Amino acid sequence: MARPKLKEHIINRDWCKGCGICVHFCPKNVLELDSMEKVVAVRPGDCICCRMCELRCPDLAIEVVTDQDVKNE
Amino acid sequence: MQAKQYIRERFFPHMWCAGCGHGIVLNSLLRAVDQLGLDKNNVVMVSGIGCSARISGYVDFHSLHTIHGRALAFAAGVKFSKPELKLIVPMGDGDALAIGGNHFIHAARRNMDITAIVMNNRIYGMTGGQFSPLTGVDKNTSTTPFSNIDNSFDTVELATAAGATFVARTTTYHVLEMTALLKKAIEHKGFSVIEILSQCPTQYGRKNKEGDAPAMLDHFREMTAKADSEKIKKNPGLISRGIFVDRSDKPEYCEQYEKIIQKAQKAIKGKQ
Numbered sequence: 149m150a151r152p153k154l155k156e157h158i159i160n161r162d163w164c165k166g167c168g169i170c171v172h173f174c175p176k177n178v179l180e181l182d183s184m185e186k187v188v189a190v191r192p193g194d195c196i197c198c199r200m201c202e203l204r205c206p207d208l209a210i211e212v213v214t215d216q217d218v219k220n221e
Numbered sequence: 031m032q033a034k035q036y037i038r039e040r041f042f043p044h045m046w047c048a049g050c051g052h053g054i055v056l057n058s059l060l061r062a063v064d065q066l067g068l069d070k071n072n073v074v075m076v077s078g079i080g081c082s083a084r085i086s087g088y089v090d091f092h093s094l095h096t097i098h099g100r101a102l103a104f105a106a107g108v109k110f111s112k113p114e115l116k117l118i119v120p121m122g123d124g125d126a127l128a129i130g131g132n133h134f135i136h137a138a139r140r141n142m143d144i145t146a147i148v149m150n151n152r153i154y155g156m157t158g159g160q161f162s163p164l165t166g167v168d169k170n171t172s173t174t175p176f177s178n179i180d181n182s183f184d185t186v187e188l189a190t191a192a193g194a195t196f197v198a199r200t201t202t203y204h205v206l207e208m209t210a211l212l213k214k215a216i217e218h219k220g221f222s223v224i225e226i227l228s229q230c231p232t233q234y235g236r237k238n239k240e241g242d243a244p245a246m247l248d249h250f251r252e253m254t255a256k257a258d259s260e261k262i263k264k265n266p267g268l269i270s271r272g273i274f275v276d277r278s279d280k281p282e283y284c285e286q287y288e289k290i291i292q293k294a295q296k297a298i299k300g301k302q
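In order, the protein sequences belong to chains A and B.
Counting with our numbering, you get residues 149 to 221 for the letters of the first sequence.
Counting with our numbering, you get residues 31 to 302 for the letters of the second sequence.
Check before you lean on any hint, since a few could be wrong.
Straight-line alpha carbon distances no greater than 25 Å define the calculated PhoX-like cross-link-like pairs of lysine-lysine that follow [claimed, not checked]: (1) A:153 - B:289; (2) B:237 - B:112; (3) A:186 - A:176; (4) A:155 - A:186; (5) B:214 - B:34; (6) B:34 - A:186; (7) B:214 - B:112; (8) B:112 - A:155; (9) B:280 - B:112.
So these bits of chain B aren't anywhere near chain A, every CB distance computed over 10 Å [said to hold, decoys possible]: (10) 40; (11) 158; (12) 177; (13) 206; (14) 281; (15) 286.
Which bits of chain B does chain A cover? Going by a derived footprint, with three or more residues having C-beta under 8 Å, they are [claimed, not checked]: (16) 46 to 59; (17) 98 to 112; (18) 131 to 139.
It is worth saying that the hints were derived from the structure and are not from the lab.
What you are looking at is a predicted structure, and each value in this text was computed from that prediction instead of being measured.
By construction, the Cβ of each residue, glycine as well, lies at the ideal position given by its N, Cα and C atoms.
Chain A with its partners taken away, still in its complex shape (with noise of 0.2 Å):
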């Protein structure tokens, strides 16, 4: 099986506050916190889809969207 390769973060902004678990157990600092303390990602570039931030977010508000989540839809 290929590495799966990123398509998007989907960050719930309403669902978001702003803990920094996501941002802080990133291995590959995609994520940051911004002005408003809720998460964003600024350097998706590097993200190796590992979703260690979806699984550890208490508030279900970020989710790793890659090609093969969308070749299994």
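Given the structure of chain A, go ahead and fit chain B onto it with the hints provided.
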């Protein structure tokens, strides 16, 4: 996310504080239920009172939000009347082991097919940060401002001694492990207990200077190790994670009860 079909989106964003570990438990639980492919009409979530108990309002299963500590008793009633349903009972540390301590040990003794999730954040978060039976010695809370002197329970040892047939422990840092263990606990036939160490940055973290939510998660990584691993053999002070009990030699309670019904009906027919 596929697992989003199992939530009641109209109640989001949820009421838990920023960085609360209970949200991570919800996240992993949804994935576990999704990976098992359970029909949401066959799952019942019964909860008591506290931050942890609010989880039942966010899931699109059958849900019962009941009284403090007595969720297991309500769950037993549901299971008795409809043994084919999957019962999941999320509880906080105080809900499970202080207010509901007796229900907890007797549910374990009976071995009814219920999955009890003890979301252990070591404090009563909702009511203002009072100490619980899992707070631990030397920890600060709003009711122990000069540090706590109460020894704490070990949930795993307590559940094992009381007779639970599946006992496991994990943390909110170890999310993949949590989903795997939740799947095993839900599938297990008999009373299963899974203790999940969860962070409360608002009350416990603040009073004990453990930092924000990411720092508390880092702390879970440092203070735990897999049971029987080299790391825990070298550092016996660490908290062990993994499966501690997984046995199938004890009969399940509802099945035994069904046998009693059959026996009683036979006896009545014999007299007629």
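TODO: Would you check the hint for residue 214 of chain B and residue 34 of chain B, treating anything up to 25 Å between C-alpha atoms as holding?
DONE: 21 Å, holds
Open item on the list: residue 237 of chain B and residue 112 of chain B were given as a pair; does the straight-line alpha-carbon distance stay at or below 25 Å?
Closed with: Distance ~44 Å between residue 237 of chain B and residue 112 of chain B Cα, so the pair is violated.
Open item on the list: Is the listed coverage of the region 131 to 139 of chain B by chain A valid when you require three or more residues with a beta carbon under 8 Å from a beta carbon of that chain?
Closed with: violated (count 0)
Open item on the list: Please verify the coverage claim for the region 98 to 112 of chain B: does it have three or more residues whose C-beta sits within 8 Å of some C-beta in chain A?
Closed with: Violated: only 0 residues of the region 98 to 112 of chain B have a Cβ under 8 Å from chain A.
Open item on the list: For a C-alpha distance cap of 25 Å, please report whether residue 34 of chain B and residue 186 of chain A respect it.
Closed with: With Cα atoms ~21 Å apart, residue 34 of chain B and residue 186 of chain A stay inside 25 Å; holds.
Task: residue 177 of chain B remote from chain A - nearest C-beta pair above 10 Å - done: Check passes; 27 Å lies beyond 10 Å.
- [ ] Verify the proposed pairing of residue 214 of chain B with residue 112 of chain B, using a straight-line Cα cut of 25 Å.
- [x] 22 Å, holds
- [ ] Can you take a look at whether the region 46 to 59 of chain B is actually covered by chain A? Rule is 3+ residues, C-beta closer than 8 Å.
- [x] Holds: 12 residues of the region 46 to 59 of chain B have a Cβ under 8 Å from chain A.
Task: No chain A beta carbon within 10 Å of residue 206 of chain B's - done: 7 Å, violated
TODO: Please settle this one: residue 158 of chain B was flagged as non-interface, so is its CB more than 10 Å from every CB on chain A?
DONE: Holds, since 20 Å exceeds 10 Å.
Open item on the list: Confirm or reject: residue 286 of chain B is not an interface residue toward chain A, with every Cβ-Cβ distance exceeding 10 Å.
Closed with: 39 Å, holds
TODO: Below or equal to 25 Å on CA atoms is what counts here, so check residue 153 of chain A against residue 289 of chain B.
DONE: 55 Å, violated
Of the numbered hints given earlier, the model fails hints 1, 2, 8, 13, 17, 18; all others are met.
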